[in-house]
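**Student:** Residue-level listing of the chains:
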Amino acid sequence: MPRLCDICNDARAIVRRPKTAQSICKECFFHVFETEVHNTIVDSNLFKPGDRVGIGASGGKDSTVLAYVMKTLNDRYSYGLDLYLLSVDEGISGYRDDSLETVKRNKEQYGLPLLIVSYEQLYGWSMDSIVAAVGRKNNCTFCGVFRRQALDRGALMLDLDHIVTGHNADDVAETILMNIFRGDISRLGRCTEIATTGEGYIVRSKPFKYAYEKEIVMYAYLRRLDYFSTECTYSPNAYRGYAREFLKKLERVRPSAILDIIHSGEAMHVAKDVQLPSLDRCQRCGYISSNSICKACVLLEGLERGIPKLGISRTKQDVEAGPRESDLVHFEKLRQDALEMRKTRQNSAACPQSACACRSESGTENCS
Amino acid sequence: MSSIETGKHYNQPASNLTDKVPPVDTRKYFDAVTKSLSKAKEPPTAKDAVSSQPDGSSVKSYLHIITKYTSGMELLIKDKELGLDHVFEVNPKAAPLNMKDLIKYIGETHVLEGKQSAFTRDETICPGIMVIINECDWEVMDELDYVLKNDDTIEFISTLHGG
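Same order as they appear, the protein sequences are chains A and B.
One point on numbering: in full-length UniProt numbering, the residue at position 63 of the first sequence is 63, and numbering is uninterrupted.
One point on numbering: in full-length UniProt numbering, the residue at position 17 of the second sequence is 17, and numbering is uninterrupted.
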């Protein structure tokens, strides 16, 4: 009793879309999935022609599908984007080293230049060495704080305009729930936005904001994409785990629950008279921060002074405010370098890629 | 997902089980079990089922099923297998084997101790695990009521692991 596709009524249906409950065939599934992402991109005005766009690539399913779809759409609809793969190596042996091998294969498969920035190189500490110092209790805090900054640092090294990440509808719905449960008003507002402006002029966006996880996995499966999946060897994020399980159960009973939660999250607004923390620059590394010293610098100081609880426990912090030599490359320096690269690129019209920082990684394959 | 092709069991020829004499070299890969559908007693061992074949009794029929585990599912399976072959002895007079039976059987027999609750719950597969029957989403088929056919390939794909 093979069912026919609800869209073309011709080929055999092989997947049920959670969004619409339609049973559709392979070709129609590829078409609707890609077209929906394209519509998200166009409706939200995510890119301008000539933008340098980094794809945050972990080697996992979401970012692998994102890299494939971004490359396909850029070619099909002539977005005119320069695409790059940008990966963060947290230094977790048995986990990230394996998944980065996948990213390196993706680089070849999709012909995109790749830059890998490592915690070791940026902060002087790999996650393995952090876990050795702090144990397995708060290590995820370090990893999360460091990762966000690492992507921004990598983006400046490549002089990118834009970073896209593989966050999907399930991730966004999960984050909305978590922020509600935690009462985190300012994050609740930000997490529903499809694009946020982060460091300097670099935009961050989630083209898969409305794409269900099931469809992403199905897409990877049907296209036979090469991706990596293992749990991080260090403790999983328990809080998110509960939110995720809850959401998956809801989805089974009512598949539209995920989009409904996103819709609710988007509809919530912070009242005008609520004071949100204003964003400033870290006095040490120049990163955007709501405190005079950013979380990454506090955590690093704790690591170096042998008090890893610094910045984690609620006891009064004794980080000395004021300028102190930071181990991190100052963001001002990174921004200056990026501007220099931009100027050089604009001046050398013959080969627009000649100043690209990834050149050492990619050779001259992008130069005409 | 190139890793699948290198999985241990996939290059084995699907033995022609209706001939009742599987090729000797593939026999060791078979994880055979006699399934009495009236009331499942102690599941017999692989040895029992295989050795019962050559006696040539014409009443017995066998069902060959391949199961695959990817995208993190292999972490739940004993020996982290990417794929398994199963031979079930079926009684033609009893109710046919369906997905519900298969999920119960895999959960009891092949999932690591202590991980069963991550595989099956409330007599079905856990939320977050995609089930693919012969390269087709099981939601398009009859899900738990799908009746297994000889040489069906069932894939379990986790959607929960890192992005």
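I should point out that these hints are in silico values taken from the structure, not numbers from a laboratory.
Positions of the beta carbon are idealized from the N, C-alpha and C atoms, including for glycine.
Hints are not guaranteed to be accurate.
Here are the simulated lysine-lysine pairs, DSS-like style, with alpha carbons at most 25 Å apart [to be verified]: (1) K48(A) to K26(A); (2) K104(B) to K149(B); (3) K249(A) to K149(B); (4) K71(A) to K249(A); (5) K115(B) to K137(A); (6) K309(A) to K249(A); (7) K149(B) to K93(B); (8) K115(B) to K93(B); (9) K93(B) to K78(B); (10) K249(A) to K93(B); (11) K343(A) to K80(B); (12) K48(A) to K209(A); (13) K93(B) to K80(B); (14) K115(B) to K80(B); (15) K149(B) to K26(A).
So these bits of chain B aren't anywhere near chain A, every CB distance computed over 10 Å [what the hints assert, rightly or not]: (16) Y62; (17) G72; (18) G107.
Here chain B is said to cover these stretches of chain A; the calculated rule only asks that three of the stretch's residues, wherever they fall, bring their Cβ under 8 Å from a Cβ of chain B [as the list claims (entries may be wrong)]: (19) 10–19; (20) 41–48; (21) 303–311.
**Student:** Now, for every hint given, state plainly whether the structure supports it.
**Tutor:** Structure-based check of all given hints:
1. K48(A) to K26(A): Judged against 25 Å, a Cα distance of about 31 Å means the pair is violated.
2. K104(B) to K149(B): The hint holds at about 17 Å.
3. K249(A) to K149(B): Given that 25 Å is the threshold and the Cα spacing comes to 30 Å, the pair is violated.
4. K71(A) to K249(A): With a Cα-Cα distance of about 34 Å, the restraint between K71(A) and K249(A) is violated, given a limit of 25 Å.
5. K115(B) to K137(A): Given that 25 Å is the threshold and the Cα spacing comes to 23 Å, the pair holds.
6. K309(A) to K249(A): violated, 36 Å
7. K149(B) to K93(B): Between K149(B) and K93(B) the Cα gap is close to 16 Å, so the pair holds against 25 Å.
8. K115(B) to K93(B): violated, 34 Å
9. K93(B) to K78(B): Status violated; Cα separation ~33 Å.
10. K249(A) to K93(B): Given that 25 Å is the threshold and the Cα spacing comes to 37 Å, the pair is violated.
11. K343(A) to K80(B): violated, 53 Å
12. K48(A) to K209(A): Holds. K48(A) to K209(A) sits at ~19 Å (cutoff 25 Å).
13. K93(B) to K80(B): Outside the cut-off at roughly 36 Å; violated.
14. K115(B) to K80(B): At roughly 12 Å apart (the allowed maximum being 25 Å), K80(B) and K115(B) satisfy the hint.
15. K149(B) to K26(A): With a Cα-Cα distance of about 23 Å, the restraint between K149(B) and K26(A) holds, given a limit of 25 Å.
16. Y62: holds, 24 Å
17. G72: With a cut-off of 10 Å, G72(B) comes too close to chain A, as the shortest Cβ separation is near 4 Å.
18. G107: holds, 18 Å
19. 10–19: Check passed, 5 qualifying residues.
20. 41–48: Check failed, 0 qualifying residues.
21. 303–311: violated (count 0)
In this structure, the earlier hints numbered 1, 3, 4, 6, 8, 9, 10, 11, 13, 17, 20 and 21 are contradicted, and the remaining ones agree with it.
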